[in-house]
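Two chains, two separate frames, one set of hints: put the complex together.
Protein sequences, first through last, are from chains E and W. When you line the first sequence up against our numbering, it's residues 1 to 110, in that order. When you line the second sequence up against our numbering, it's residues 111 to 221, in that order.
Source of the hints: derived by calculation from the structure; they are not laboratory data. Any given hint might turn out to be false.
To be verified - Restraint-style ranges between C-beta atoms, simulated for each label pair:
1. E/18 <-> W/189: 29 to 35 Å
2. W/186 <-> E/72: 35 to 41 Å
3. E/3 <-> W/193: 19 to 25 Å
4. E/80 <-> W/166: 44 to 50 Å
5. E/44 <-> W/126: 34 to 40 Å
6. E/72 <-> W/132: 21 to 27 Å
7. W/149 <-> E/40: 32 to 38 Å
8. E/39 <-> W/177: 29 to 35 Å
9. W/136 <-> E/2: 21 to 27 Å
What the hints assert, rightly or not - Below, in silico cross-link-like pairs of lysine to aspartate or glutamate (DMTMM-like), each with a Cα-Cα straight-line distance of 25 Å or less:
10. E/14 <-> E/38
11. W/170 <-> E/97
12. W/208 <-> E/62
What you are looking at is a predicted structure, and each value in this text was computed from that prediction instead of being measured. Cβ atoms here follow ideal geometry from the backbone N, Cα and C, with glycine treated the same way.
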Amino acid sequence: NAGVTQTPKFRVLKTGQSMTLLCAQDMNHEYMYWYRQDPGMGLRLIHYSVGEGTTAKGEVPDGYNVSRLKKQNFLLGLESAAPSQTSVYFCATQNSDTQYFGPGTRLTVL
Amino acid sequence: GDSVTQMEGPVTLSEEAFLTINCTYTATGYPSLFWYVQYPGEGLQLLLKATKADDKGSNKGFEATYRKETTSFHLEKGSVQVSDSAVYFCALVTGGFKTIFGAGTRLFVKA
Numbered sequence: 001n002a003g004v005t006q007t008p009k010f011r012v013l014k015t016g017q018s019m020t021l022l023c024a025q026d027m028n029h030e031y032m033y034w035y036r037q038d039p040g041m042g043l044r045l046i047h048y049s050v051g052e053g054t055t056a057k058g059e060v061p062d063g064y065n066v067s068r069l070k071k072q073n074f075l076l077g078l079e080s081a082a083p084s085q086t087s088v089y090f091c092a093t094q095n096s097d098t099q100y101f102g103p104g105t106r107l108t109v110l
Numbered sequence: 111g112d113s114v115t116q117m118e119g120p121v122t123l124s125e126e127a128f129l130t131i132n133c134t135y136t137a138t139g140y141p142s143l144f145w146y147v148q149y150p151g152e153g154l155q156l157l158l159k160a161t162k163a164d165d166k167g168s169n170k171g172f173e174a175t176y177r178k179e180t181t182s183f184h185l186e187k188g189s190v191q192v193s194d195s196a197v198y199f200c201a202l203v204t205g206g207f208k209t210i211f212g213a214g215t216r217l218f219v220k221a
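Chain W on its own, in the form it takes in the complex (with noise of 0.2 Å):
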């Protein structure tokens, strides 16, 4: 069946460093494929998609390429700060209306 993979945290940086968080997917179709962030004591919400191959999606200075070459969708950052440090998600779509979520990867940024 459909499934995401994303790297294990937790990830701890420092401020000003540059993130990269790893997520590969198994999918049957043409998915459309997510970011989503938590916050403490929050609920998910969406960071940035993108539906289609090479699509590149951003966000609050976070960026994604769909790389269906490598069926990838890494989660880019150049400069994190210490508002960024929450759980991320990375999910997929096919199908319609499920949606199949990672694990989460925790980031910690210290300042």
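Excised from the complex, chain E in its bound form (with noise of 0.2 Å):
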């Protein structure tokens, strides 16, 4: 079992550009999560899913927007990067109460 992925590990972008990060997972979980880590802000809560075909804004859903068509997969999307848009990206699936965290990709927004 491969658990969670993400798709790419890395990603450099301008400002303006648009690009989609692919959350993967192979465990059957309904729910699943986006959140972005920066330096001493902990992890903030973007959006999430509850289950196929369903989404939900969390913390900070301001320039992004998600899509959950299949049940595996949760996609991220920045229509219009910005340079406040540099962070690490993890996506997260939930079994009962335990969260499992893919490995993160790391943006920066020129």
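Given below as structure tokens:
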């Protein structure tokens, strides 16, 4: 089992460019989450999904969109990247009360 | 709303020293409590958890006891190793699908 995987691992964008981060899981978990982690800020929830076809806003959703067309995939989109979106992005799933994290995507916006 | 407060870091210890990282919480209802660990360059992973008052979670020599009367879940280890250097996050879950994380405490262990 691969668990939770994230693609890509690293990316550099210019301001205004768009991109999509892919999270995939093979654990058949209903709940999926996108977080960002910034130095000294801990984890902040961007969006989450409680099942296929559903999404909801988290703590810091502005500038991001998400889709959950298939249960195993949760996509995070940046339509027009800004330097403030430079961060490490983590995807997670949840089973019962425990979360399982991917390895992260390090995004730099110039 | 629900929240988790943990001690600020970094915490720097010598190998074989005793570790305590304090964590307190505010929650309505009866949360489950967790410690997650993040090693350099990786995502978080569950270290231990406790689901009700007076439960003790333990793993890899780490322990934490769910103290309802003091709303605390302090992480302890009797003898730390260099390989324990990481960021430790205290967290709680109430209501099923949202986890509230603390800000994280970075631990450095010197040989």
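Consistency of the hints with the structure:
Take residue 18 of chain E and residue 189 of chain W: their Cβ atoms lie about 50 Å apart, and the range 29 to 35 Å is violated. Hint check: residue 186 of chain W to residue 72 of chain E, Cβ distance near 38 Å, so the stated range 35 to 41 Å holds. Checked against the given bound of 19 to 25 Å, the beta carbons of residue 3 of chain E and residue 193 of chain W, roughly 22 Å apart, stay inside it. For residue 80 of chain E and residue 166 of chain W, the Cβ-Cβ distance of about 49 Å falls inside the hinted range of 44 to 50 Å, so the restraint holds.
A beta carbon spacing of about 36 Å between residue 44 of chain E and residue 126 of chain W agrees with the range 34 to 40 Å that was offered as a hint. Checked against the given bound of 21 to 27 Å, the beta carbons of residue 72 of chain E and residue 132 of chain W, roughly 38 Å apart, lie outside it. Between residue 149 of chain W and residue 40 of chain E the beta carbon distance is about 19 Å. The supplied range of 32 to 38 Å is therefore violated. For the pair residue 39 of chain E and residue 177 of chain W, the beta carbons lie near 31 Å from each other, so the given range of 29 to 35 Å is met.
Between residue 136 of chain W and residue 2 of chain E the beta carbons are some 37 Å apart, a value that contradicts the proposed interval 21 to 27 Å. A distance of roughly 19 Å separates the Cα atoms of residue 14 of chain E and residue 38 of chain E; the hinted pair therefore holds under the 25 Å criterion. Only pairs whose Cα atoms come within 25 Å are accepted, and residue 170 of chain W paired with residue 97 of chain E is accepted, the gap being roughly 21 Å. A hinted pair counts as satisfied when its Cα atoms are at most 25 Å apart, and residue 208 of chain W with residue 62 of chain E qualifies at roughly 19 Å.
In summary, the structure is inconsistent with hints 1, 6, 7 and 9 from the numbered list given earlier, while agreeing with the others.
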